[in-house]
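J.: Protein chains in written order, with the working numbering: chain A, 27 to 230; chain B, 27 to 230; chain C, 27 to 230; chain D, 27 to 230; chain E, 27 to 230; chain F, 27 to 230.
Keep in mind the hints are simulated off the structure, nothing from the lab.
Do not rely on the hints blindly, as some may be mistaken.
Note that the list lumps identical chains together, so a pair holds whenever it fits in one copy or between two copies.
[Said to hold, decoys possible] Taking lysine-lysine and the DSSO-like style, the derived pairs with C-alpha atoms no more than 27 Å apart in a straight line are:
| no. | residue 1 | residue 2 |
| --- | --- | --- |
| 1 | K118 | K141 |
| 2 | K104 | K78 |
| 3 | K29 | K195 |
There are 6 protein chains.
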Amino acid sequence: YKKDVVYQEARMGVSYGLAWTETGGTMLPVETIGFEGNGECIMTGNLGDVMKESARIALSYLRSAADKYAYTIHDIGKTDFHIHVPEGAIPKDGPSAGITLAASLLSTLCQCPPKPGIAMTGELTLTGRILPIGGLKEKLLAAIRNGMTDVLLPADNREDWNELDKEIKESITVHFVETADEAFSVLFDPQINRHLSRKKTSKK
Amino acid sequence: YKKDVVYQEARMGVSYGLAWTETGGTMLPVETIGFEGNGECIMTGNLGDVMKESARIALSYLRSAADKYAYTIHDIGKTDFHIHVPEGAIPKDGPSAGITLAASLLSTLCQCPPKPGIAMTGELTLTGRILPIGGLKEKLLAAIRNGMTDVLLPADNREDWNELDKEIKESITVHFVETADEAFSVLFDPQINRHLSRKKTSKK
Amino acid sequence: YKKDVVYQEARMGVSYGLAWTETGGTMLPVETIGFEGNGECIMTGNLGDVMKESARIALSYLRSAADKYAYTIHDIGKTDFHIHVPEGAIPKDGPSAGITLAASLLSTLCQCPPKPGIAMTGELTLTGRILPIGGLKEKLLAAIRNGMTDVLLPADNREDWNELDKEIKESITVHFVETADEAFSVLFDPQINRHLSRKKTSKK
Amino acid sequence: YKKDVVYQEARMGVSYGLAWTETGGTMLPVETIGFEGNGECIMTGNLGDVMKESARIALSYLRSAADKYAYTIHDIGKTDFHIHVPEGAIPKDGPSAGITLAASLLSTLCQCPPKPGIAMTGELTLTGRILPIGGLKEKLLAAIRNGMTDVLLPADNREDWNELDKEIKESITVHFVETADEAFSVLFDPQINRHLSRKKTSKK
Amino acid sequence: YKKDVVYQEARMGVSYGLAWTETGGTMLPVETIGFEGNGECIMTGNLGDVMKESARIALSYLRSAADKYAYTIHDIGKTDFHIHVPEGAIPKDGPSAGITLAASLLSTLCQCPPKPGIAMTGELTLTGRILPIGGLKEKLLAAIRNGMTDVLLPADNREDWNELDKEIKESITVHFVETADEAFSVLFDPQINRHLSRKKTSKK
Amino acid sequence: YKKDVVYQEARMGVSYGLAWTETGGTMLPVETIGFEGNGECIMTGNLGDVMKESARIALSYLRSAADKYAYTIHDIGKTDFHIHVPEGAIPKDGPSAGITLAASLLSTLCQCPPKPGIAMTGELTLTGRILPIGGLKEKLLAAIRNGMTDVLLPADNREDWNELDKEIKESITVHFVETADEAFSVLFDPQINRHLSRKKTSKK
Ligand SMILES: [Ca+2]
Ligand SMILES: [Ca+2]
Ligand SMILES: [Ca+2]
Ligand SMILES: [Ca+2]
Ligand SMILES: [Ca+2]
Ligand SMILES: [Ca+2]
Ligand SMILES: [Ca+2]
Ligand SMILES: [Ca+2]
Ligand SMILES: [Ca+2]
Ligand SMILES: [Ca+2]
Ligand SMILES: [Ca+2]
Ligand SMILES: [Ca+2]
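Build out the structure end to end from the sequences listed, making use of the hints.
T.: Right under this line is the structure:
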């Protein structure tokens with residue numbers, strides 16, 4: 027029974043998804059770094075086509091949200107991003123890492139690590155809506171087993187949550203989110219918000 | 027029985043198609059955003075080759091219609107478009123989303139959301155003709171179930187409409203269209219029209 | 027029994043080919059539009075490799091014929107062409123649409139619609155020769171059924187024509203052509219000819 | 027029994043190869059045109075990988091022979107060539123069209139048609155050597171049937187020629203060639219030779 | 027029983043991994059060279075997709091670590107790297123060469139050979155974490171057989187090490203590493219460290 | 027029994043490898059030419075993936091050896107190379123042509139033909155090491171049969187050589203090489219050496 031990949035400290039560009047496999051749930055960490063380039067997106071970690079599409083959706087959503095958040099990378103079109111999901115020997119696929127991919131990218135764009143201890147799952151649409159996912163129970167057990175204190179779930183999975191055993195529901199704090207922006211407000215310091223970030227700067 | 031993806035408000039760049047699957051009809055929302063680039067078209071949502079071709083046809087048609095509509099994006103050749111059809115786990119294909127893809131793109135090009143409550147289906151040709159589609163009854167039931175008030179159908183499906191049960195025909199308002207421009211006149215505020223848009227500007 | 031796609035008016039960039047399928051002959055309309063780009067050729071309509079090659083041959087032939095015809099698009103290398111054959115759900119292949127593809131492209135290049143009511147079929151070589159095709163009888167029945175008044179056929183199919191029933195031969199006017207230029211002289215106004223076009227201009 | 031594709035006049039950029047198929051030999055005309063571009067080579071005619079490689083070898087050989095021949099196209103790196111082998115419905119492959127492809131390209135490069143009535147076959151190496159081919163008898167019968175008066179054969183096929191029936195050998199004039207340059211001296215007017223071409227110019 | 031590929035001297039850009047095959051362990055040397063280019067990464071040696079991804083992860087990690095190490099190649103985006111794993115007839119795959127690939131690249135970037143006699147194995151993540159690997163015993167036997175004096179292992183393989191026979195553990199010095207930077211501090215002269223490198227320069 | 031491809035004179039850019047097939051050994055000539063371009067490498071001759079990788083390794087090795095040899099092509103990044111292995115109908119693969127590919131490329135880079143009568147075989151690594159090959163006896167018989175007087179073999183094949191029949195060993199002169207540079211010193215005039223080449227120039 028191999029340990030899941032979870033870093034002990036909050037790490038820039040690293041967010042924690044949850045995956046559902048035949049052998050149960052597992053943590054699905056996502057790492058992103060950015061460097062000078064021409065807008066390409068390198069994706070590694072043995073990702074299937076649907077998961078690669080999820081990464082493109084996350085990147086495009088964040089390009090369209092440039093007026094909301096205080097990016098330190100100003101010209102996304104002249105940056106290459108590398109998104110990696112560790113454990114390269116294991117194939118991964120499906121759309122439910124959408125919000126995790128977006129959180130990892132946003133952390134890199136704002137150079138601000140997500141708050142520690144929060145796992146998440148949810149499909150992301152191009153206009154920022156979070157769609158429901160499957161395998162909820164197994165995913166939550168993995169999050170609890172790995173010491174996560176909070177989990178972000180799609181609002182449309184609320185009914186599935188309600189049907190879970192009390193024991194699970196009391197072991198982790200749930201945050202239901204309808205949009206990527208709601209998820210980001212739980213995950214990040216409010217200073218990533220462009221409006222707040224400017225106020226802070228003007229006070230100096 | 028999973029809910030269809032329909033946003034509650036009119037949303038920029040989002041139009042509502044109708045698809046016909048083995049398990050019945052379903053809403054097929056299409057999302058488009060644009061950003062600085064070099065004329066590429068990113069397509070996600072597990073789309074098959076024919077549906078990807080439909081997106082290219084929609085984009086080319088709108089490039090050729092630049093003198094009719096008041097685009098806020100002036101250099102299409104220096105813009106990248108990302109077209110996404112949510113629910114990435116579900117493969118989608120076929121030509122009948124042509125008019126939906128064009129409406130989503132036009133909404134983004136003019137920065138004007140389509141009127142709410144209107145679903146549509148129809149194959150688009152490169153010169154703007156709307157060709158007939160199949161699965162009419164199932165598609166209409168999905169539109170009605172999701173609270174759509176109006177539906178755009180190809181004029182060449184009029185006979186199929188006439189043969190439907192009265193109950194369906196009374197539940198939704200139908201607009202038969204022969205061309206993309208006829209469809210756009212139902213879907214959008216007349217101010218997207220270049221001529222009207224200019225008049226309005228000159229009055230000021 | 028679905029209707030064939032034939033537009034009622036003469037349309038810029040639209041020519042009418044004839045295809046031969048297992049269920050009989052059918053009209054094969056070809057649509058072309060051009061826009062600023064870098065010499066790429068987008069081809070849609072579920073086309074097989076041989077038919078895509080036919081489109082490339084047609085485009086190259088017209089590049090090499092730039093001194094014969096009065097193109098309104100002067101720098102073909104800085105133009106993208108999109109060639110579409112409607113009814114994207116139906117796969118299409120084979121070389122016999124060569125002359126139809128060339129006529130559609132030439133119409134766009136000269137901004138002059140082909141004369142209405144003329145269908146055509148024939149493989150095109152890179153130096154402008156028209157090679158014979160198969161399925162003649164079925165193709166002619168489709169042209170007649172759709173109200174075509176004239177048909178262009180490869181000169182090397184003359185023997186096949188002679189063996190047809192009198193009823194077919196009297197229902198449509200045939201033009202045997204050996205070269206693309208002969209075909210264009212039947213299909214287009216003589217003013218697309220560079221020589222005539224200049225004379226006309228100099229009279230003013 | 028379909029006719030082979032042979033043009034009645036000498037045509038710029040057209041040379042005549044010979045192919046060997048299951049149903050006997052056939053003429054294999056090769057057409058080349060060139061136009062402004064960036065050194066790409068478009069190949070059509072349902073060509074297999076080996077035959078496409080032969081075309082690349084022919085083009086590279088002629089780039090390296092630019093000091094021997096009087097090309098009218100001076101910057102090959104800024105020219106696109108389109109090489110087509112007619113009858114797109116028929117797959118073609120194998121290396122034995124090498125010398126035919128090179129002759130077609132050289133004709134286009136020098137804007138000088140090959141002499142009429144000459145068919146040829148032979149694999150070309152990158153340094154201009156002609157290697158032997160198979161199917162000699164069937165190829166020669168096709169050349170004779172189509173009125174060819176001369177045939178170029180690889181010197182290493184001399185033994186195969188000697189073993190043919192007298193009737194075949196008396197029906198066509200054979201030229202054995204070891205190199206591409208020997209082949210070109212049979213096929214073209216000596217004025218394509220850079221040295222001769224200059225002399226001629228200086229006389230004026 | 028074929029000899030493993032091990033060079034007798036320390037060689038610039040060459041690091042020694044360990045692979046685990048059906049026939050036992052083997053040395054897996056990695057060679058890297060860099061030259062002027064545009065940021066491409068050529069990978070040869072019959073590498074599978076997962077191993078190619080490992081190389082991309084190594085390169086991206088080192089791009090993000092440019093402030094830690096004294097690279098002599100200053101513009102990585104204008105350099106092409108060629109990474110080769112010898113014995114091209116043998117297919118290789120898997121993520122466990124991650125740290126070896128990074129060491130080979132870092133050696134080239136700093137123009138400083140790794141210390142001789144050190145083998146290594148471990149998956150690398152994009153943020154520099156070393157993940158555990160399999161086949162430990164076979165890999166160690168190969169290192170010992172080839173005269174390696176030291177081995178770098180992932181800290182998460184410590185338990186597997188402890189369970190090995192005393193004979194193996196006494197034949198080679200082990201260094202457990204949690205991060206790429208810990209591995210590099212064992213493998214390289216401290217002068218590759220940007221901070222130390224600068225001090226040294228300022229002393230002159 | 028078809029003749030092998032061996033040119034009678036020493037030819038620029040042509041080196042002679044040895045291959046081992048099911049039907050025995052054969053000469054494997056390699057031809058290279060270079061022309062203005064952008065650093066691309068065209069490879070023809072029905073080469074498999076491993077052999078194509080060998081060509082890339084040879085080219086990269088020679089890029090990294092630019093300070094050792096007197097190249098007449100100074101900007102390799104602005105040159106295209108075309109490497110061809112004749113007899114395009116025959117598939118070829120494997121790593122053992124590495125040194126032959128490098129010799130052919132070096133001949134082109136220095137515009138100096140290899141000495142005649144020398145065949146060679148050996149896998150090349152990216153840092154210039156020659157690795158051992160298989161099929162030694164069959165390869166040597168092919169070299170002898172084609173009149174080769176000398177053969178270059180990997181030093182690690184010395185034991186295989188010693189076990190051969192006396193008759194073979196007396197028919198050809200063997201040169202064991204550990205590195206590409208050792209091979210080049212046998213194959214080429216010492217004036218390709220940058221150091222010697224400069225001395226010679228300065229004497230004038
Ligand atoms: Ca796991
Ligand atoms: Ca899922
Ligand atoms: Ca649905
Ligand atoms: Ca449909
Ligand atoms: Ca039809
Ligand atoms: Ca046909
Ligand atoms: Ca034929
Ligand atoms: Ca052949
Ligand atoms: Ca080995
Ligand atoms: Ca492993
Ligand atoms: Ca041979
Ligand atoms: Ca071998």
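J.: Could you work out which earlier hints the structure fails to respect and list their numbers in ascending sequence?
T.: Every hint satisfied by this model.
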